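K.L.:
Knowing the structure of chain A, use the given hints to seat chain B with the ligands on it.
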Amino acid sequence: MSQLINIQPLEPERGNIRASSPEQPSCASSACGKASAPESLDPDVWEKVKNHPCYSEDAHQYFARMHVAVAPACNIQCHYCNRKYDCANESRPGVVSERMTPEQAVRKVVTVANEVSQLSVLGIAGPGDACYDWAKTKETFEQVAKVIPDIKFCLSTNGLALADCIDDITRMNIDHVTLTINMVDPEVGAKIYPWIFFNNKRWTGIEASQILHERQMLGLEMLKKRGILAKVNSVMIPGVNDEHLLEVNRVVKEKGAFLHNVMPLISDPAHGTHFGLTGQRGPTNQELMNLQNRLSDGTKLMRHCRQCRADAIGLLGEDRGQEFTMDKIPEEVAYNPANRDSYRDIVAQERGEHLEQKQSADKKLAVLEEKPTILVAVASKQGGRINQHFGHAQEFQIYEASPDGVKLIGHRKIPPYCTGGNGEDEVLDRIISALDGVQAVLCARIGDCPREKLEKAGIKVSDAYAHDWIESGISAWYSACFSEEKRQIA
Amino acid sequence: MSYKIVVENCTACGACEFECPNSAISMKGDEFIINADKCTECEGQFDSPQCADVCPMPDTCIPA
Ligand code: SF4
Ligand code: SF4
Ligand code: SF4
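As you go down the protein sequences, you meet chains A and B in turn. One point on numbering: in the working numbering, the residue at position 207 of the first sequence is 207, and numbering is uninterrupted. One point on numbering: in the working numbering, the residue at position 38 of the second sequence is 528, and numbering is uninterrupted.
Heads up, a few of these hints could be off.
Said to hold, decoys possible - The calculated label-pair distances, taken between Cβ atoms and stated as ranges, are: (1) B:Ala502 <-> A:Ala434: 34 to 42 angstroms; (2) B:Ala502 <-> A:Asp425: 40 to 48 angstroms; (3) B:Ser513 <-> A:Lys201: 15 to 23 angstroms; (4) B:Pro553 <-> A:His274: 20 to 28 angstroms; (5) B:Asp527 <-> A:Arg430: 53 to 61 angstroms; (6) B:Asp549 <-> A:Lys460: 52 to 60 angstroms; (7) B:Ser492 <-> A:Leu246: 48 to 56 angstroms; (8) B:Lys528 <-> A:Asp150: 40 to 48 angstroms; (9) B:Ser492 <-> A:Asn293: 53 to 61 angstroms; (10) A:Val147 <-> B:Asp520: 27 to 35 angstroms; (11) A:Lys328 <-> B:Gly519: 19 to 27 angstroms; (12) A:Asp341 <-> B:Ala526: 52 to 60 angstroms; (13) B:Lys528 <-> A:Asn293: 54 to 62 angstroms.
In case anyone wonders, no lab produced these hints; they're calculated from the structure. If you're wondering where the values come from, they're calculated on a predicted model, not measured in any experiment. Backbone N, C-alpha and C fix where the C-beta goes; we use that ideal spot for every residue, glycine too.
In isolation and in its complexed conformation, chain B is listed as follows:
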């Protein structure tokens, strides 16, 4: 159960890293990636996955 980032769409704005309640998102090289072990899909914390809600690019933070 985890989200992932579609690298081709990502603008590397960093908003998702900022909002993730579990520090699951970080920059590797020059790409943002989600650590599947840390990602909870925000369950129990927020109504919807924070990365997907804040991401400016459609279909970029999606279920893995």
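The shape of chain A in the complex, shown without the other chains:
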């Protein structure tokens, strides 16, 4: 089965997803027709997600997003957040984004669009709550839309104020919204949210979570009714909501969420959060994967989410934010669409080829019988190819290979091995422990020393598939591996 993108509309009422979409994007600027929609996907939905790195597993290899941190105010308190840092719902906790006014944000977006041709999405994810701090969010989107009409907008929210701005969201053609939902039971919620501010009043305890829950469900229903794609994020907090997320998954699916993304709690006393200070731990890679596996029969899960910071720029897994800090943005900039347009044409071609090779890769594996299911880590810069040096990788994409095919199931962050000098052994140990459960690493190149160490740790390593498409490389490696074993037996 081809896994072109990791998304499918949830089974019931699929026709409802923006059946009434009035605006068809023009063929000139989009890759219309060339990269065709996977069969299982409603064409309207594919049109919306195909260039969105966060919604489409395929697009995340080609398209870039940027976040601008224009919305610092928030209306709830989460135990995994202390306000010195960004909202941990969407961003990785412990980072501080560069805050800016809507006017500064517009200049920044235009500067980035001129230089980063992969840019397709502008998101607002805080650092507080985009819907609560709505005036600033709205102003930013409206001004950017005037200059770059074909850019897509998305926003993230805790849902409490979503219903208040749903009319604006609909009118402005924002067709993706991310809601963070960590519970559907206020008893569980009370362990996560100490208070909320709603209707001019601070609410605490179960009452607070009851209101939040109702508002989140209302928001989800409204999005569904208006044909806006809703992605749900959940933070997995071991011992608090880990088992409960199965129930969350069931409920949000029923309410029409399009994707469900489970992210690990990242907890560190140094962040000064309630959870950090009280010793609440985050899940291990293994625990996270087990939960994602148990959930994946229901809502399509998003395995490529990177918990980006609220001012992230670039392809998922990279962050070029530091190249575009406010002090590097000119006072006046004019938008030049040439780079983005020509990039789209190239992608349309690449994607066609990529899809074909994925299908043939899967076919190749299908003829093998009774072979084990294994995990393979790939070092890839972008474009869906095995094209990164082991020592430069800051994350591995984790694929599952079996006779059923090759599919992306997640990613693991690692410290880069080539930092120039000391401590390399210790770094390698950390990489090896991050590769827990992974049987093989495929990369563009690797030095002898790390290769030996990995192999000693029982991890196979190959750079023989450098610059191949990821799926072709994995399936070729997998087949070679097993025919070799056969030869040895014979």
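P.N.:
Then chain B with the ligands, alone, in the frame of chain A:
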């Protein structure tokens, strides 16, 4: 009768400015401050001072 903001604790999120029914809160330089002449402690308008209720930092919006 007025509230004040303890500057050292303030994260400058702006939520209080947004909620104040009397526009008593504004940014001066890069700090939020409460104009004592405009602040009514929300009396007659809400059950509790809005700035203190929405502020994420404990003991930051307090009686002056
Ligand atoms: S945090 Fe997740 S949803 Fe947001 S931009 Fe990054 S990958 Fe996409
Ligand atoms: S107490 Fe009420 S009136 Fe005074 S600053 Fe706070 S919100 Fe404004
Ligand atoms: S709500 Fe509190 S933290 Fe935010 S700006 Fe006002 S005083 Fe500062």
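K.L.:
Go through the numbered hints given earlier and state which of them the structure violates, listing their numbers in rising order.
P.N.:
Going through the list in order, the structure violates no hint and respects every one.
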